[in-house]
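A.B. asks: Residue-level listing of the chains:
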Amino acid sequence: MSRVKRIVLDVLKPHHPNVLEFARTIAEQDSGYRVNITVEAVDEKTETITVTLEGTDIQFEQIGEAIAHMSGSIHSIDEVTVVGESQS
Amino acid sequence: MNLFQELRFLLDISRSHRIARRYFVTNGFDGALAMLGLTMGFYITDAVAVSTVLNACMGTAIALMMSGLLSAYISEAAERQKELHELEQAMVTNLAHSAHGKAARLIPLLIALVNGGSPFFIALLIISPLWLNQYGVVLPLGPLETSIAVAFGIIFLLGVFLGKISGTFWLWTGLRTLAIAVITGLLILLLQAG
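As you go down the protein sequences, you meet chains A and B in turn. The numbering used here numbers the first residue of the first sequence as 3 and each following residue consecutively. The numbering used here numbers the first residue of the second sequence as 109 and each following residue consecutively.
Next comes chain A alone, as it looks inside the complex (with noise of 0.2 Å):
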């Protein structure tokens, strides 16, 4: 078994929902969450944003569902931190 730590996201988003309550949609996801949105470009309707998300065993299905709920689309996943463990 293997537990994703960190997960850095490279997000579109409409305007609506601001980061604020993206990013607190996202947390409320999990109690361990804790979220870090960086807003990377603003255009007329759209902004493209880096949300960094870190937890004990981050459920990336559900943080998708999230996201495509507040109608985000995940570009790319820029970066993770995933911890092995051994099976006893």
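Everything labelled a hint here was simulated from the structure, so no lab data went into it. Mixed in with the good hints, there may be bad ones.
Label-pair ranges, simulated between beta-carbon atoms [what the hints assert, rightly or not]:
#1 A:Asp32 to B:Leu279: 44 to 54 Å
#2 B:Arg123 to A:Ser33: 24 to 34 Å
#3 B:Leu217 to A:Ser4: 41 to 51 Å
For every residue, glycine included, the Cβ atom is placed at its ideal position computed from N, Cα and C.
Chain B: place on chain A using the hints.
C.D. replies: Just chain B, lined up with the frame of chain A:
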């Protein structure tokens, strides 16, 4: 996310609070003035049965509701679809299953309910003394006079609400809308004089 939170979220992302609030006031004002006009029209007409007034007012209230519901739904649905389409083009993706897609489907319904519901419920409040009279409740004034007083009161309250929204002095905006109602009433009274 419960239903209330979801609705709040959809209103937030579609920035529809202001539209719903504006529709509530403008169509509510329409409903209140229409009821004021009707009740005053019957007031200056001699010997009209309360049941006749009630039926005429209910008919008008229902027509206002239907007009509000359909006009808002048709126009809002078209606007929301256009906005969604533009956003989908910018995002280069289909947003039908996202919150924006849901908002494009649900928000026109919600706004239509506000637009049609506000004149209807305001009209019901204004004609409630007529109902009470039908059920034998004794009113301090006559049923028509009480309805007219309620209409003035509601129009004043709509003005107060506008004052609260705009951040101006509530009494001033309340008195301003009340003045519009008084002028309307005076114009109707002129009919009798003529």
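A.B. asks: None of the hints should be skipped; say for each whether it holds.
C.D. replies: Taking the hints in turn, this is what the structure says about them:
no.	hint	result
1	A:Asp32 to B:Leu279: 44 to 54 Å	holds, 51 Å
2	B:Arg123 to A:Ser33: 24 to 34 Å	holds, 31 Å
3	B:Leu217 to A:Ser4: 41 to 51 Å	holds, 46 Å
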